[in-house]
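Please model the entire structure based on the sequences and the hints provided.
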Amino acid sequence: MIELVDVSKRYSSGDQTVDALSGFSDHIEPGEFVVITGRSGAGKSTLLSLVGGLIRPDSGRVLVQGKDLWALNDAQRSLLRCETIGFVFQFASLIPTLTVLENVMLPTAFLPGGDGKGHERALHLLERVALKEQAVRLPWQLSGGQQKRVAVARALLNQPAVLLADEPTADLDEATEGEIVELFAGLNRQGTTILLATHNTDLAARASRHLVLTGGRVTRAS
Amino acid sequence: MTPKDSRPVRMGLWRLVAYNLLRKPGRSVTAALAVVLVSATAFAGVLISQGVGRALDVGLARLGADLMVVPAQGASAAHTALVVGEPVSFYMDGALAGRVAAVDGVRQVSPQVYVETMANSACCTGRIFLVGFDLGSDFTVQPWLDQKLGRSLAPDEIIVGNHVLVLTGDEMKFYGSDFRVAGRLDATGMGMDETVFLPASAVSKIATASLTLAEKPLTIPDGQISALLVRLADRSAAEAVAQRIRAEVPGVSVLTGGQIARDVGADLRGLMTWVLPVATGGIGVVVLLFLALFSSVATERAREIGLLRAMGATVRQAAGVLVGEAVWLGLLGGLSGVAAGLAGYAIFQNKILFSYTLPFLWPGTLAEVLAGVAVVLGSGLLAGLSALYPALRIANMEPHHAIHAGLR
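For the protein sequence lines, the chains are A and B, in the order given. Counting from 1, position 132 in the first sequence corresponds to residue 132 in our numbering; the numbering is continuous, with no gaps. Throughout, our numbering is defined as the position within the second sequence, counted from one, plus 222.
Derived from the structure by calculation, the hints contain no laboratory data. Some hints here could point you the wrong way.
Label-pair restraints from in silico Cβ distances [said to hold, decoys possible]:
no.	chain 1	residue 1	chain 2	residue 2	range
1	A	Gln-16	B	Leu-599	26 to 34 Å
2	A	Gly-144	B	Leu-599	50 to 58 Å
3	A	Asp-6	B	Pro-247	45 to 53 Å
From chain B, some residues computed to sit far from chain A (all C-beta separations above 10 Å) [to be verified]:
no.	residue
4	Thr-390
5	Ile-442
6	His-626
Stretches of chain B that chain A covers, calculated by requiring three or more beta carbons in the stretch to come under 8 Å of a beta carbon on chain A [to be verified]:
no.	stretch
7	232 to 240
8	522 to 532
9	612 to 623
The structure displayed is predicted, hence computed values, not measured ones. Here a beta-carbon is modelled for each residue, glycine too, at the ideal position from N, C-alpha and C.
Encoded structure:
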């Protein structure tokens, strides 16, 4: 499903360079639920961005469904992202000028031709995250937890095979965090491959695999 | 409202662009206003240029004369009268008609007498430019009379230019003498629209009657005329014949169609000396404004662009959102500018045209629609191009960096 082969990524800022990921290799099978933990700056977000093709590795290869992301052109890579990968970010990632429903439907805008069922599926997903009644509200009218659930619904709209979640439960109260985690567990049971980066080591208990990153390297795997 | 009330929608990039504009009305209106100013100036400039050109074409063709001979000191006033219908009066010896007719290349000569009526007097309908034409030799008004009236003018009848505010059958009073309006000429955009035509013999009668009927009598020296309209023989060149008349008949000025067009062109350039800098300067300002605005918007919305890329937008689609917003702002600003230019022209039309001695004839709805469409599309294109660089700069960032840049 996902294969990373000797992937390295280094950030430079002025004279300083930081190895965000060094010689990382891994193979993630379809339907796996991988939790990645580590301290801030350990390389968790970078790893998810590399898997999602949001950033180019300095060296190594990233393959998703057997396709080398950086052997594809921008249109091919974008289409792969649109059809195969859903992202949930740590921060409020909704477009402020769009309603909840429009935000959830947004990924269909990039699907060539669309499938004409975006509206119906978006309403279904909003129902699933218990926000259907908020569909015509704007993001600022929702709480942080509600916004996060909308972002999850949006990530699922194109029925991606892979869900990449970067600190999806950060800044959420315990109850909302539990709802989100349950949602992910349910998706995983239905076959969605999930990579979840978090500070919360308790979430590792829900994972099929747990990677601990330190300084851009895997220091523990279970 | 619940989603049950909402119609099924299809989310597309244009919808995203539209919502971004509609839900940020303050920013949208401010940006569009800059375009309004430039497009209004550009459209008004195009409108005036086209109208002046059409008025010259139609007016000079309707004049029907190849040359106009006036007293040397009357050349400038004659130009003003011919172009904008400003009432003038100047005179020269009527015997010059024979000398001009004898010049090689001249086929026909017809004298005219100009009278400027009084504005605030009980004896006159208002300040109007009267042109007395010779029924026997005229070849400019007479063809129209033959075609439209099928007869010549009676001694107490007049023909009015298209802009003279009377109806056929109305009475007008000049120096105490009453005249009936027999017909109205079609619009030319030039001075004849403001002119009243009557037989030259009637002018003499007005002058005689004015001694007893008018507060201030009309004085036209015996045997004097104001202008000679000249028709050329076949294959004679206007400039060459004009040159010969100037040489053989001292004390006169000769206006040719080409000369009038050149003079109007010079007056138009005078107007354009401020229209063009305003329009071109404005275009520069709009380009800089959109560059600055969309650079700032792109930076401010880097995270949003990064998110669109993460959702599957290509570089072209992500940049297209920002460029699309700019294009719409340009189109809407351009459309408003065309409306503002039209309104501004309607309000200041007379002031502009009289100040610069310019003729004007509405260029036609099709021509104006085309000009308006060109200005609107040009505005959209200009705005889009201005936003292209900042949009591409952000869209080409790696989405990871765009998303995290937006967080800083």
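Results of checking the hints against the structure:
no.: 1; hint: A/Gln-16 - B/Leu-599: 26 to 34 Å; verdict: 49 Å, violated
no.: 2; hint: A/Gly-144 - B/Leu-599: 50 to 58 Å; verdict: 45 Å, violated
no.: 3; hint: A/Asp-6 - B/Pro-247: 45 to 53 Å; verdict: 52 Å, holds
no.: 4; hint: Thr-390; verdict: 61 Å, holds
no.: 5; hint: Ile-442; verdict: 75 Å, holds
no.: 6; hint: His-626; verdict: 8 Å, violated
no.: 7; hint: 232 to 240; verdict: holds (count 6)
no.: 8; hint: 522 to 532; verdict: holds (count 7)
no.: 9; hint: 612 to 623; verdict: holds (count 4)
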